[in-house]
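The whole structure should be built from the sequences, with the hints applied where relevant.
Protein chains: 4
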Amino acid sequence: MMIKIALLGCGRIGKMHAATIVRSSRAELAVVYDPVDNAAEEVSRHFGCAMAKSAEEAIAASDAVLIATSTATHSDLIEAAAKAGKAVFCEKPIDLSLERVAACRKAIAGFDRPIQIGFNRRFDPGHRAARDAVRSGEVGELQQVIITSRDPGLASREYLAVSGGIFKDMTIHDFDLARFMLAEEPVEVFATGSTLIDPTLAQLNDVDSTMVIMRTASGKLCHINNSRAAVYGYDQRVELFGSKGMVISGNRKAHELERFTARTTGVGEPYLNFFIERYEEAFALGLQSFLKCVEENTVPDATFDDGEKSLALAEAANLSLAEGRFVKVAEVTR
Amino acid sequence: MMIKIALLGCGRIGKMHAATIVRSSRAELAVVYDPVDNAAEEVSRHFGCAMAKSAEEAIAASDAVLIATSTATHSDLIEAAAKAGKAVFCEKPIDLSLERVAACRKAIAGFDRPIQIGFNRRFDPGHRAARDAVRSGEVGELQQVIITSRDPGLASREYLAVSGGIFKDMTIHDFDLARFMLAEEPVEVFATGSTLIDPTLAQLNDVDSTMVIMRTASGKLCHINNSRAAVYGYDQRVELFGSKGMVISGNRKAHELERFTARTTGVGEPYLNFFIERYEEAFALGLQSFLKCVEENTVPDATFDDGEKSLALAEAANLSLAEGRFVKVAEVTR
Amino acid sequence: MMIKIALLGCGRIGKMHAATIVRSSRAELAVVYDPVDNAAEEVSRHFGCAMAKSAEEAIAASDAVLIATSTATHSDLIEAAAKAGKAVFCEKPIDLSLERVAACRKAIAGFDRPIQIGFNRRFDPGHRAARDAVRSGEVGELQQVIITSRDPGLASREYLAVSGGIFKDMTIHDFDLARFMLAEEPVEVFATGSTLIDPTLAQLNDVDSTMVIMRTASGKLCHINNSRAAVYGYDQRVELFGSKGMVISGNRKAHELERFTARTTGVGEPYLNFFIERYEEAFALGLQSFLKCVEENTVPDATFDDGEKSLALAEAANLSLAEGRFVKVAEVTR
Amino acid sequence: MMIKIALLGCGRIGKMHAATIVRSSRAELAVVYDPVDNAAEEVSRHFGCAMAKSAEEAIAASDAVLIATSTATHSDLIEAAAKAGKAVFCEKPIDLSLERVAACRKAIAGFDRPIQIGFNRRFDPGHRAARDAVRSGEVGELQQVIITSRDPGLASREYLAVSGGIFKDMTIHDFDLARFMLAEEPVEVFATGSTLIDPTLAQLNDVDSTMVIMRTASGKLCHINNSRAAVYGYDQRVELFGSKGMVISGNRKAHELERFTARTTGVGEPYLNFFIERYEEAFALGLQSFLKCVEENTVPDATFDDGEKSLALAEAANLSLAEGRFVKVAEVTR
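Residue numbers (our numbering), protein chains in the order written: chain H, 981 to 1314; chain E, 981 to 1314; chain A, 981 to 1314; chain G, 981 to 1314.
Hints are not guaranteed to be accurate.
If several chains are the same, the list does not tell them apart, and a pair holds so long as it fits within one copy or across any two.
To be verified - When the alpha-carbon atoms are kept at most 30 angstroms apart in a straight line, the in silico DSSO-like pairs for lysine-lysine are as follows:
hint, residue 1, residue 2
1, LYS1063, LYS1033
2, LYS984, LYS995
3, LYS1033, LYS1072
4, LYS995, LYS1289
5, LYS1086, LYS984
6, LYS1272, LYS995
7, LYS995, LYS1233
No wet-lab data here; the hints were simulated from the structure.
The following block contains the structure:
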């Protein structure tokens, strides 16, 4: 029996999820809703599914709810879906405010259906194989994690203005990936940043280039570097260094053509351009994993708790950036 | 309007084509036929399409016919589809006999709908980018083509016994790829081979390891090497060497994880295992290209003529292997 | 005319310098001195050069002095050589104490012969090409520098006990390399570390695994990670990321053999094992550069000032590690 | 005790050998001779060694003779050195005529000092590691050898006119390398070629682009491709394919810088330009191996017999090119 999915939010990421759902053999796109009618209509027409007049109506008509609306509405919709007893897949972040997330957590206490947060990178085959190499003991005791994560180009001013800042919008993926790899909570966070790409970002009290160091209780170290604009493309690397070896999950290209000229050798193609291309498999595998959880009523690989903990790291990073010190995560979660 | 496709032949490759058709937004799998009822039933049930009692019935119910039956039936079915005025996508080779192919060509003379032969590799993004680099002048005058093509393991005895020998079964893909890259007909062929993997193949008058050299009228040189069993996986490389540079279309892996141990560095994952995985994109792009030709009634990228010419190269290779000399292709096509 | 060199210090690094001098066509190893007679005798016999009874005697018999003694003696010997008017090549660090280095600087004020500090990595062809790519504008505005620097195995307890700690002993090379690449002074330093390899290092108040972030006045960001023990070998990578592109200077292997097995592809050889192998060319080029400066009385590429500034960064790192905050370099240099 | 070497021939390759000898700790360049006085004088002055008036005088003053004169004089000088009882290192080929080589072999019958032929590639660390992987059983039964060997640019007309043709001048290195890898004699040779780089080479009855296939008695297959002009540099690859795996000895670069731009990734440096740079280590290791043989009076790794057998393969290739057939090596050695 196909799982009926209600898609809330029909923007860029919503459309991508719609296409992934449609390709799945276990789910159907039952209904869509978007406060902007045109957006919902377009998806409804293209994929031949129903269109609800409200989020509530969409939720009611579904087995599971996929929340891809603007961040500010995520918590309300999670609560509404939970109240209706529907499984939830919610895009990251749950909210920009740790307080709101904590309140949401309390509001849905006792809810026993799966809630998965959209940390797609956990499902990327390369990143997952890296994690598995750690879990299997292949790299020995994990000592250092290095995450390089750079976008191919600066997002629009409109997007950035409501993004919540680089740590909650962009680095949050890396915070989650770090936790996934470390298998241990970071307890201290240092973060700094600069406006090297667009100096006017300072007006938004935001930065476009960041470097982070985190430390776990047992002393494991993790570095993250971010840039909003890598001209050579979307750069997504994870390096795991341990007592018995190292694994690196590298970038992907559309194909393996190499060029050799009078001045160069082994010239490779550009990297897959952005998250929808680079993490296409990850999105599909993440949805499959969610559907399995829905079918079997088990706990997803990226939980509400993961969403909350990554946000706490982002909050700690903001505090560190402001105060120039190694911030204890407990300071922001008390 | 969706193009209705009749799938003839529901074996391994037929099933793969069925899945590709179903994923396409321009075609529908209208009907399937297989002399073995069970095979057709399985595909019919899985993809929810009709099941014909005969090839003729299937052809009649379609806009285009995809022939994935055993090689011996290809020509008859091409003729039947052509007679019915339906576009044709036929798996390689058209037939094991050049005479039969020539007869088929005459039988369908004047047929004005697209016929595409299943030379999937032409549609592989890497190989195509390599060809484009030649066409654009990037490598200058093309001088040498080197094709490495090795299967991950020996096929079954049953398969090999009716395969027509390595040149018509396996190398034929490389002969076609060579022609695609050279953009000029090879006029001479030298081929040799050995039974290094399974000595009993000599009983089938076949070899499992081959090396070929071809030369075009203008002197361009092309080398092909084949093995029926590369333990490290399906090895598919194309190197194009010219006066201004070189391009190499290399192997693909499931992801880009590299491992570093006490004794090794940069250890990569195995290659995608076999043609269905390695050329998944190529099969999809090849079908899309065919559908476009059907819609616009244009000439496909891999024509009946391409099928015939590659078979002639295979025939010349057989003669060369037998006589130990550089065989003129004209000797076998007269 | 050959430049007569006095080698002070005949330990592992001294012997390596002796061999480099002997291979040079512009210099001769005139005389050696080591407080341990046996060590000096061995080098003297092996290379057929004179052996002095004191550092002063060796200095007097030379055109230039190469100081490869224990760190504690560096400043005294620099002062002695300067007093004698001889050019100086001194191994890093100048001293473990910033005060002593400042005093040395004052003591040799007005000295007008070349003093080069042994920051060999500046002369590595790959690292230098990376730097040149920045200088030429190829990567645009430099925004991020990532230095990975890991030793193949923990040094002896005796060595570590007098090393001055990881930042002054090991990271100092990376601090210098960072300054070389950034072409701008870091103004703030954050450092943390752990004893993940040998917990007993805590007894020495030292760490074996570190991560550092530095920031320049214009906002450029630099990350350094260090480990005392990478089982896969000496890991030396420099990544320079800018507005127009990125360059990465990677690791080197003894040769380019790749292995392919039933489970792996592209398996590479181990990296060159340690600094004497990995930076063999750099040591030779560094010496040549120094000899050119001696001949032409010009300023070396790695000056006394570079030695002092790198030590200041190490001192700031120590303070940051102790206090868990972003330390201004000016705090330690006041 | 240092081995006194007489260098006969002071051209480009002679000078390179002189520099290699001078760097060795086991040999000294005792005396040089060249029919062109200026050439000998230059080397004599530069390396501070004696200069003989005749080859005989040079031979007499030595322990071992290094023959780097023009090919036509090699056999005479080998005979002269053998007569004088001196060990011999002779550049390839021994002679352009198999008859002359056979006569030389008879003339020196019974000579019991080492004779090494200048097949430098056998001593390249990467190629040797590839061979060792075969010998150790790592690749299982060797089945296919693929040698790519392309010069960075066409030699001068003067050089080519006396080179003896591409097979005896250039491919002879690859014939030797093939024998080194196969550990079994090729018994059949097919060769073809074209003038794709300089059509006027046809006037010299020569080609600039070749492809060869050889087969051993047990059925092992070997392909060689050559070009006189690869714009991207000196291309030297050896691929060994067997029942348990594959090894590839690849090209070398001056350093491991990779560049990433708005349109490309992983852009590598050019390959080391030509044989003197690419095989610098191989030349040094080959000389060391020879000196060890001289000291211990053992058989070198590249013998007179190897020189003769590679020439026979070149002769068979010439016959194959002329007659367009798989030539038995026995046809040319009878």
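> Out of the numbered hints, which ones does the structure contradict?
Replying inline: none
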